[in-house]
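**Student:** Protein chains in written order, with the numbering used here: chain P, 371 to 659; chain V, 371 to 659; chain Z, 472 to 726; chain F, 472 to 726.
Since the hints were made in silico from the structure, they are not lab data. The reader is advised that the hints may include incorrect statements.
[What the hints assert, rightly or not] Distance condition first, Cα-Cα at most 30 Å in a straight line; then the derived DSSO-like pairs of lysine-lysine:
| id | chain 1 | residue 1 | chain 2 | residue 2 |
| --- | --- | --- | --- | --- |
| 1 | F | 590 | F | 612 |
| 2 | F | 590 | Z | 564 |
| 3 | P | 385 | V | 574 |
Quick caveat: nothing in here was measured; it's all calculated off a predicted structure.
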Amino acid sequence: MKLYQGLYLIKESFKTLGRHKGIMFLSIVIMSLTLLVLAVFLLVTDNVLSALERTRQELSVYAYIEEGLTQNDIEQQYKKLLAMKEVESIVFISKAEAMTEFEEEFGEGSAILESLESNPLPASFRIALKDGYKEQSNIRLFAEQVTAVSGIENVDYGKEFLDRFSLMARVFLYVDMILGFIVVLSSVFIISNTVRLTILSRQKSIEILKLVGATNRFITTPFVLEGAFQGGLASLVSLALLALIYLVVVKMLPDIAFLDVQTSVLYVLTCIVLGSLGSFAALRRFLRL
Amino acid sequence: MKLYQGLYLIKESFKTLGRHKGIMFLSIVIMSLTLLVLAVFLLVTDNVLSALERTRQELSVYAYIEEGLTQNDIEQQYKKLLAMKEVESIVFISKAEAMTEFEEEFGEGSAILESLESNPLPASFRIALKDGYKEQSNIRLFAEQVTAVSGIENVDYGKEFLDRFSLMARVFLYVDMILGFIVVLSSVFIISNTVRLTILSRQKSIEILKLVGATNRFITTPFVLEGAFQGGLASLVSLALLALIYLVVVKMLPDIAFLDVQTSVLYVLTCIVLGSLGSFAALRRFLRL
Amino acid sequence: MEARHVIGMYHLSKRYEDRTVLTDVNLQVANGEFVFLVGPSGAGKSTLLRMIYMNESPTQGQVVVGSFVSSNMKRRQIPYLRRKIGVVFQDFKLLEDRDVFENVAIAMRVTGETNYEIKRRVMQVLTQVGLYHKRYDRPVKLSGGEQQRVAIARAVVNSPEILLADEPTGNLDPDVTAEILQLLFRINSSGTAVLMATHNHALVKNFGQRILHLRDGVIEEDRRVGPRRFSRERLDEISMTAGKSIWSDDGRADR
Amino acid sequence: MEARHVIGMYHLSKRYEDRTVLTDVNLQVANGEFVFLVGPSGAGKSTLLRMIYMNESPTQGQVVVGSFVSSNMKRRQIPYLRRKIGVVFQDFKLLEDRDVFENVAIAMRVTGETNYEIKRRVMQVLTQVGLYHKRYDRPVKLSGGEQQRVAIARAVVNSPEILLADEPTGNLDPDVTAEILQLLFRINSSGTAVLMATHNHALVKNFGQRILHLRDGVIEEDRRVGPRRFSRERLDEISMTAGKSIWSDDGRADR
Ligand SMILES: Nc1ncnc2c1ncn2[C@@H]1O[C@H](COP(=O)(O)OP(=O)(O)OP(=O)(O)O)[C@@H](O)[C@H]1O
Ligand SMILES: Nc1ncnc2c1ncn2[C@@H]1O[C@H](COP(=O)(O)OP(=O)(O)OP(=O)(O)O)[C@@H](O)[C@H]1O
Ligand SMILES: [Mg+2]
Ligand SMILES: [Mg+2]
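So here's chain P without its partners, still in its complex pose (with noise of 0.2 Å):
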């Protein structure tokens, strides 16, 4: 191609913009709102897994310790289990202190205690671990090799509730997976059959321009950096929506981050990307390429 013509489709793309305004404006609010529900998706997405994490980075193992142990052996058992290649660090809890986590985490719960006259709660360490072995299975493992350890009397790490975490975060993993497919699906569709639905109706120019000599080149040029701008645009538009949204949410729900910059970036490249992609397979079908 050559410098003129190419500089000249260039122009003529952007210009084709300002002469169809109104239907590149509906467009681009059509592919803007359908891309806000996906970026919407994609935020709360981001902020639950996050959370799941967060949750998952908290668990930690407890090894409760035998009755009568000298300070001795319990600095012993501390190096020991410091040692144990998953772990990342150690906490030790005295019985008194044991008695106001329990209090505090059973709240009036813990009345059933409290008539007792001595402290029936042991001594502990809580041990978090290290990345890459807070899986369930890793646990499990961990938690056998901590109860060999003598004067270890019980280990517990959540069992339970490492299971129902695990569920909960496997089910909401799921569905998200299901609801993501669907919105990235619709929206892929969606839009590239408005870029469709806007080239359909400048047909009869397509026409005339093959009549008077264009090359297919010619004619989609101008047509994919439209889809191309379109689909920027529309991306832009509705992550400034998304941001608008999240100023008024962060005010009630403070923990919740917005996408990433990479995210964004990412996104806005995806769109860009589908916008050409959807005009040039729609103009495709008409120049029967």
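Knowing the structure of chain P, use the given hints to seat chains V, Z and F with the ligands on it.
**Tutor:** Just chains V, Z and F with the ligands, lined up with the frame of chain P:
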């Protein structure tokens, strides 16, 4: 409008659907997918809400009984409690049963109690409340009344859980409403703008009809009917897609329920109205009604 | 009746932004008159016709068509005005998504005619313009001249009080032109006022009853030669000559 | 060079479903020849032209245009064929979303001409067809005749080897028609083969060099009267008479 004309316009609107197959197809695909996202949202909301409701239904208040009361005293208490207006039903839980439940609920965490020689858990009443008395504030009031009953040592209504649950439900409702707002508004805009796009491509025909002496009603009627048809068909398609997805998902999550008939019908009707209103609104512009 | 004016233009001017297309046009067309409108390309002929069917409103002055007055028309009255006027548009303005039959029928559909009556009249008119056999074709399948004849058929199917024909024979060969002219004359002789813009000057020279010269938006000349409308006698006369050729210069290329 | 055929049709037939539009057409047009194509409405003139710029492919037989042969053309060769042919479409086919300048320029844009060259040529051609002052108007703002002249300008702006003009004067008054004809003759005299379908028989009678009669898809007559192309001398002769009128019947309505 004369009879002949009315019949003609109805026939006309269906013929037009045939004449503009391509555009109509694209438009119905866009609408269907938009509505699919909306329908999925409705389905998820519906199911989560009923899960929350089910949990709320299961709420009960535990009244712990002082140690050493006679069978008679306990029966006395039972009658007193049963007479209270909030109470739906009462189950008595003996000390032994309490131990079993505790072990079940806290799983291996209950290890801490195993070492104790005597059962420290008191007997209790599990009180189910009537509908309408299950709100956080009602329960608190009720708990106070129960505490006042002689021989009741302590009342536990899972304050912490109730608080957490209420918060969670509120957050969900809140997020869900925002999402709903976005999804519904997006759908309405996408549908009406898509209808507008299909009309834009027929601007010339509209112009010609005006020139041969067609009244605005003559011009709008077929468009409004077509809009209704598009909206209705798209909503049915989206329901069909939803049903397909449901059939897949229900295999993994058997608790999920489909939209009920009433909601579905309302949904289709709304879409029909939306399609025709979209058409009408779009035409107002062209016809400068 | 004869003396009443069906079209009146009074000090009418039309400007588009900085461009003046019609300047102080005064014109009356009597009931049943036949008027040729001639003038160079861009003179304002089509614009003048557009004023009559009120597709454009005057910048100054006013148009009176029957009982409709441009200066106090409501928008929703326009359809009823247009039903009294048949228009052959210079660019045909056919509905591309409907067949020939429906393109002609639409002018009757809008008035709520019965299907029977519509069928009867449309078939009749299509036969007159020689397109009966193409009644189920879409416009894109027609030749230029065929499309023009569909436009003519639509304009006359309602037997309107006024017929505006904008270059209605530009795509027609001399034989078909003669037939179409006869059709217009016949409609005129039954009382319809006809205003026909054309560049076919051979035609104007031979049949000009009243000729309106427009140039740069000004009526340069308004001349009446023959009687106001075509009489049955004149019509028979034309029909007789039409068999061979109705053109002074022998019309068809000499072959 | 003179003897080479730029257009050749060999036993060419065209059918649309059950309708035969062209039957066994055989036709050669030499380099730089000027041919009039006449025939009644629906005879197949436009279809014959469409075969040449390969917008339709023959049902039988073949078309040869320059070095392009219809029977073994690849789809992606078609644009290069069309750049050698200028076409004045019967329905103009203007791009409604671009102004007059761009409508004419587009024929040069597709070949990748420089902006300078495009501007120079387009301005020149627009002046020739008398639309220089309307170069920034959209087609909808133009009169029928003005639109037709834009179509003509676009067809000639590239100085194509072949010029196909389908009823290029149907919306033009006699004066402008004379100017356009001169333009076509001038282009022809510089070596472009011109094939012009028309109903304006006065024109054909006066300038017919070679006249092709088409009727019901059959070439009824193919007659050559004058020389193959317009010479500079003949052109001067026409230019001289054009001042008054070039029509045998005095052309313009007698006023
Ligand atoms: N909407 C518009 N905006 C600006 N100028 C216009 C508009 N419509 C028409 N014109 C201009 O008004 C002038 C008269 O146009 P009109 O169509 O009435 O001419 P005409 O006499 O019918 O010519 P022709 O014989 O070529 O059809 C033309 O120069 C045209 O460019
Ligand atoms: N795509 C098509 N499908 C069916 N029939 C067609 C198609 N295109 C043209 N025809 C028919 O072929 C015949 C010739 O058409 P064509 O346009 O070539 O005529 P023409 O000689 O140019 O006539 P005119 O002088 O009226 O322009 C017409 O009767 C037309 O109806
Ligand atoms: Mg005009
Ligand atoms: Mg033709």
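**Student:** Does each hint hold? Answer for all of them.
**Tutor:** Verification of the supplied hints:
1. 590/F x 612/F: The given pair, whose Cα atoms are some 22 Å apart, holds under the 30 Å limit.
2. 590/F x 564/Z: Distance ~33 Å between residue 590/F and residue 564/Z Cα, so the pair is violated.
3. 385/P x 574/V: The hint holds at about 23 Å.
Of the numbered hints given earlier, the model fails hint 2 alone.
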